[in-house]
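Asker: Read off the chains here:
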Amino acid sequence: MDSEVLFLFLQQGIASGIVSGSVYALLALAIVMIFKTSEVPNFAQGEVFMVAAYAALFLIVFYGLPMWVVIPAALLFTVAGMMLFEAGILRRVKKALGEPVNLVIATLGLSFLLRGLVRQTGLGDTPRSFPSLVSTDPVQIGQAMLTRLDLAIVGTAVAVMAAVFLLFNFTRAGRAMRALGMNPKAAALVGIDIRRTHAFVWGLSGLVSAISALLIAPKILMTPEMGHVAILAFAAAIVGGFNSLPGAVLGGFIIGIAENLVGLFVSASAIVVTPFLAIMAVLVLRPQGLLGGRPQMRKV
Amino acid sequence: MPELLSLRDVSAAYGRIQALSHVSLSVPEGAIVALLGANGAGKSTTLNVISRLVPQSGGEILFRGASIAARASHEVVRAGIAQVPEGREVFREMSVRENLELGAHLRRDARGVAEDVERAFAYFPVLRERYRQRAGTLSGGEQQMLLIARALMARPALLLLDEPSLGLSPLLVQQIFGIIRRINEDGTTILLVEQNVGVALGCSSYAYILENGEIAHHGPSASLAADGAVQNAYLGGH
Ligand SMILES: Nc1ncnc2c1ncn2[C@@H]1O[C@H](COP(=O)(O)OP(=O)(O)O)[C@@H](O)[C@H]1O
Ligand SMILES: [Mg+2]
Numbered sequence: 001m002d003s004e005v006l007f008l009f010l011q012q013g014i015a016s017g018i019v020s021g022s023v024y025a026l027l028a029l030a031i032v033m034i035f036k037t038s039e040v041p042n043f044a045q046g047e048v049f050m051v052a053a054y055a056a057l058f059l060i061v062f063y064g065l066p067m068w069v070v071i072p073a074a075l076l077f078t079v080a081g082m083m084l085f086e087a088g089i090l091r092r093v094k095k096a097l098g099e100p101v102n103l104v105i106a107t108l109g110l111s112f113l114l115r116g117l118v119r120q121t122g123l124g125d126t127p128r129s130f131p132s133l134v135s136t137d138p139v140q141i142g143q144a145m146l147t148r149l150d151l152a153i154v155g156t157a158v159a160v161m162a163a164v165f166l167l168f169n170f171t172r173a174g175r176a177m178r179a180l181g182m183n184p185k186a187a188a189l190v191g192i193d194i195r196r197t198h199a200f201v202w203g204l205s206g207l208v209s210a211i212s213a214l215l216i217a218p219k220i221l222m223t224p225e226m227g228h229v230a231i232l233a234f235a236a237a238i239v240g241g242f243n244s245l246p247g248a249v250l251g252g253f254i255i256g257i258a259e260n261l262v263g264l265f266v267s268a269s270a271i272v273v274t275p276f277l278a279i280m281a282v283l284v285l286r287p288q289g290l291l292g293g294r295p296q297m298r299k300v
Numbered sequence: 001m002p003e004l005l006s007l008r009d010v011s012a013a014y015g016r017i018q019a020l021s022h023v024s025l026s027v028p029e030g031a032i033v034a035l036l037g038a039n040g041a042g043k044s045t046t047l048n049v050i051s052r053l054v055p056q057s058g059g060e061i062l063f064r065g066a067s068i069a070a071r072a073s074h075e076v077v078r079a080g081i082a083q084v085p086e087g088r089e090v091f092r093e094m095s096v097r098e099n100l101e102l103g104a105h106l107r108r109d110a111r112g113v114a115e116d117v118e119r120a121f122a123y124f125p126v127l128r129e130r131y132r133q134r135a136g137t138l139s140g141g142e143q144q145m146l147l148i149a150r151a152l153m154a155r156p157a158l159l160l161l162d163e164p165s166l167g168l169s170p171l172l173v174q175q176i177f178g179i180i181r182r183i184n185e186d187g188t189t190i191l192l193v194e195q196n197v198g199v200a201l202g203c204s205s206y207a208y209i210l211e212n213g214e215i216a217h218h219g220p221s222a223s224l225a226a227d228g229a230v231q232n233a234y235l236g237g238h
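Just so you know, the protein sequences line up as chains A and B, in that order. For the first sequence, position 53 (counting from the first letter as 1) is numbered 53 according to UniProt numbering, and the numbering increases by one without interruption. For the second sequence, position 128 (counting from the first letter as 1) is numbered 128 according to UniProt numbering, and the numbering increases by one without interruption.
Since the hints were made in silico from the structure, they are not lab data. Careful, some of the hints might be misleading.
[What the hints assert, rightly or not] Once the Cα atoms are required to be at most 25 Å apart in a straight line, the calculated SDA-like pairs of lysine to any residue come out as:
no. : chain 1 : residue 1 : chain 2 : residue 2
1   : A       : Lys-95    : A       : Pro-72
2   : A       : Lys-36    : A       : Ile-89
3   : A       : Lys-94    : A       : Val-40
4   : A       : Lys-95    : B       : Arg-71
5   : A       : Lys-185   : B       : Gly-87
6   : A       : Lys-36    : B       : Val-54
7   : A       : Lys-185   : B       : Leu-166
8   : A       : Lys-94    : B       : Arg-16
9   : A       : Lys-36    : A       : Phe-242
10  : A       : Lys-36    : B       : Arg-132
11  : A       : Lys-185   : B       : Arg-155
12  : A       : Lys-185   : B       : Ser-95
13  : A       : Lys-185   : B       : Val-54
Treat the numbers as computed from the prediction; the structure is a model and nothing was measured.
Put together the whole structure using the sequences plus the hints.
Answerer: Written as structure tokens, this is what we have:
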């Protein structure tokens, strides 16, 4: 491989990696914000992502609604569903015994439920494509080729990340969420409404997942298995440090870029092991993740 | 003096472990009341039942004459009860400033909050120096001060203090209790949990002694301090 081709591949890999990475980053953000406050890895996050896209498709296919109705409706549906799950199911499971493993099982249950729900509609029987709001005309950046859609995906994703950052750091609700994640007992004692804050976090996580789903849907063939992408988001979260929101974003981009570079330089079949290798490397070299805080002893 | 808080026959359990049985006590407005007892007697549980962190299994808790049984913890704070928990329950990765602002979480009067930050600095000048520092980097004594200041930011009528002397040097204990007295003189009623019996009886007007989750003895602090038998029986003879 001469150096010119190598440079071209490098540019293409990074550019495509930023596109897919921005979607992983959003999904990782959604996972980490829940983990920080509820201490549950939400194994249904991928299915939440999947359902958001199918909810939109459902409104398009069966009701022929325009996109300006479909998108807010799908986002709202996902937010409401997440809040309902937190308040209706998870809170009860926690109250009944509250072992972390029970909460994890509850999220696994949710993932099966959501896949079943999509199968019920019949939409999942064949792979589907999702209409794109933005053209897929090519755009050249340096020597890398992307599409207008790709740029729209990255732009929207970065805007959402910035909004989440501002929300967490500069608003009352954001400070309450951080406080709850840091010290639930102290949070209750200063007067934070714990239930409402949990519901809010789950709703916000649903919103971010749904946005990432609607961004990527036009680029992929939709199937009820599309939620598997959450594995990459988990990888991103682990690489970044499972309790760090900026880490989730960084991890998302790293996984996206690594995947694309491996695909170009090694082989397409090596892509699937890339996130796994990234996780192993981080766990060995820096177990708390790139931006994760020092591991803390938990009081029992 | 009118009663600010009263517990009547309050019981609480952790699963099958009975932590409180039929605890009754009363805190008059303006007073410092002490709740004493050995490790594991149920002192923290009592405060946590009042703060609604631990559910009561029986009895009645009245604040200003109204039951708080159906309230959530944040509603109790809004009603005017703030707790300084034992241990060092600060928001470690947040600045002193953010910790204080969180203490005022339920308030919307920005000007009043700013005044109360100044008031906190008046009680604890060291917090002014540490204002932008992360709370986790403060010394034990400074964290204790931050906890008290944070609770005051809610402008509580009643302050619940859980072992403020724990792990502090005798000099620091003196200093903190001086400030606790000042806070009380400035108009905040205090329910004080302590294992440091001498200091607690010295600054309170009335005291209750918990033993195995029950009130074993109570009376004016001065007479408990003078009663050698009580001290020997319940308080390890300090
Ligand atoms: N979270 C908990 N789970 C189970 N038992 C507890 C818990 N907290 C306290 N206890 C038990 O309840 C009793 C009273 O504890 P506590 O109120 O903390 O006592 P104190 O504050 O007087 O030292 C003790 O026997 C203690 O072991
Ligand atoms: Mg205690």
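Asker: Within a Cα-Cα threshold of 25 Å, do A:Lys-185 and B:Arg-155 meet the stated pairing?
Answerer: holds, 19 Å
Asker: Taking only the CA atoms, is the gap from A:Lys-36 to B:Arg-132 under or equal to 25 Å?
Answerer: Since the Cα atoms of A:Lys-36 and B:Arg-132 sit roughly 24 Å apart, the hinted pair holds (cutoff 25 Å).
Asker: Mind checking the alpha carbons of A:Lys-185 and B:Ser-95 for me, to see if they're no more than 25 Å apart?
Answerer: Roughly 18 Å between the alpha carbons, so the hint for A:Lys-185 and B:Ser-95 holds.
Asker: Does A:Val-40 sit within 25 Å of A:Lys-94, going by the straight-line distance between their CA atoms?
Answerer: It holds: about 11 Å lies between the C-alpha atoms, which stays within 25 Å.
Asker: Need the status of pair A:Lys-36, A:Phe-242: alpha-carbon distance at most 25 Å?
Answerer: holds, 8 Å
Asker: CA of A:Lys-185 to CA of B:Val-54, is that 25 Å or under?
Answerer: holds, 11 Å
Asker: Holds or violated: are the alpha carbons of A:Lys-95 and A:Pro-72 at most 25 Å from each other?
Answerer: Distance of about 33 Å is beyond 25 Å: violated.
Asker: Below or equal to 25 Å on CA atoms is what counts here, so check A:Lys-36 against B:Val-54.
Answerer: holds, 23 Å
Asker: Quickly compare the C-alpha distance for A:Lys-185 and B:Gly-87 to 25 Å and report which way the hint goes.
Answerer: holds, 11 Å
Asker: With the threshold set at 25 Å, check whether the alpha-carbon distance from A:Lys-185 to B:Leu-166 stays at or below it.
Answerer: Roughly 19 Å between the alpha carbons, so the hint for A:Lys-185 and B:Leu-166 holds.
Asker: Does B:Arg-71 lie within 25 Å of A:Lys-95 when you go C-alpha to C-alpha?
Answerer: The given pair, whose Cα atoms are some 17 Å apart, holds under the 25 Å limit.
Asker: Given the hint that A:Lys-36 pairs with A:Ile-89, test it: the Cα-Cα distance must not exceed 25 Å.
Answerer: holds, 19 Å
The structure fails hint 1 only (numbered hints given earlier).
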